[in-house]
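Colleague: One letter stands for each residue in the lines below.
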Amino acid sequence: MRSGRAAVVVLVGCVLLYFFGRSHAGALTYEVSVYPARLLVGGVMALAAHAGDSASGGGNSAQQVKLLEKENALLRLKVAELQQAATETESLRSLLKAREQTKGKTLLCRVIGRSPSYWFHTLTIDAGTRDGVDDRTVLVDGKGVVGRVYRANYFTSNVLVLSGRQEGLFSGVGVKVERTGDLGVVKGDNRRELGLAYLQPEAEVRPGDSVVTSGLGGVFPTGLPVGTVRSVVLDQEGLSKSGVVVPSADLSRLDLLLALLPPEKAK
Amino acid sequence: MTRRIIVYAIVLLLLAVIGEESAFRITLWGVKPDLLLVFVVVVSLQGGPLSGGLSALAAGWMQAASLGIAVGSIIVSKAASGLAAAQVEPHVVKENFLTSAPVAFFATWVCEVVFFIFYPQVWGPRWPLQVALESVLNALVAPLLYLVLEYLAPRKESLTL
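First to last, the protein sequences are chains A and D. Residue numbers for the first sequence follow numbering that gives the first Met the number 0, so the first one is 0 and each next one is one higher. Residue numbers for the second sequence follow numbering that gives the first Met the number 0, so the first one is 0 and each next one is one higher.
One thing to keep in mind: the hints can contain errors.
In the SDA-like style, the derived pairs of lysine to any residue whose C-alpha atoms are separated by at most 25 Å in a straight line are [claimed, not checked]: (1) A/K104 to A/Y153; (2) A/K186 to D/G29; (3) A/K142 to A/E80; (4) A/K186 to D/G123; (5) A/K186 to D/P127; (6) A/K186 to D/F117; (7) A/K142 to A/L233; (8) A/K104 to A/G207; (9) A/K186 to D/W28; (10) A/K175 to A/T88; (11) A/K186 to D/F105; (12) A/K104 to A/E80.
Honestly, the hints are just simulated from the structure, not real lab data. Nothing here was measured: the structure is a model prediction, and the numbers come from that model.
From just these sequences and the hints, can you work out the full model?
Modeller: What follows is the structure, encoded as structure tokens:
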């Protein structure tokens, strides 16, 4: 009896939530409701990171040792802060370089979340439609293409990472092999490496060749680094070549990113 | 009752964010525990079918809204796992926190199989292995969450004959 009532409630709830979950109102409700939790978890994690960095061993009871340990802990904390600052500076420097090479308007943003489900290679960034981001926005880091926005909310946006496979959202990136000019398509398959497909059978592509965006398709600008060819083989039918590309961007360690805004949306 | 609802809501929000946050960027062979699913299992065991069903809806919506992909499939799979856990609830010694481990293991398979039926694109050669590993991870996390929720919102069940 109890189970039957629960099943009816759940069934009706599923239908209602399906429509609500797909709407912009649903996305905004989610953004607003998790915002305090984001602040709290972010703060706790920052504190934990500092505590971990400043932790030091030793169980000596001598006063001087204690003082030195305290000083050591403070210095470790300082070093950790400086290392963090250096990493960020390095990251910003490479993003600045990428920005100089980009013609359109750009926006610096930070990764604030990753997909809660391991079936999807997605990110959440702290920029949304209020910042000019829309579903044509491309994300790069200092080394290369990271992915593109597939849903822009008001405060945040969801990004499909290059390595993600998502039918209906991301059919691949049109690429060009820099050395030979051969055209192909890079596709993610929910793995760390990317698949390279639709190369002409006579393409003289070899391991180590750099792959950049071709600009075909209209979403990704021309010339953005995508990765390096690891291997190429002729398909069984002999009609095309395919291969494996190692992405230029370290897709497992993303923090600061540069959003390449569509021209008319740029603020 | 009100306290339990508030506690559940806060824990759900925190788990949703922790699931997205950097601590869980670390995965084991590409797999990480589904904290929202574990939450649904624990609430189903502690609160019965209706609580389980409602928490499953809330958790499913949270995950679906966070991703914006496969919205219906995520909601339905979470709801199915909540109902499955609630079906088990009368037949197990739910007062023992360790009971949540095998239930979480079972509910994970229900959730992933239903998700696969509605969203077959997730299929790959590693699918069974990934789901098995996730089931184990969820089973490990479930008793901990059970204890946390039991501490924050203890059950006050009357004994009826």
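Colleague: Going back to the hint list, which numbers does this structure go against?
Modeller: 7, 8, 10, 11 and 12
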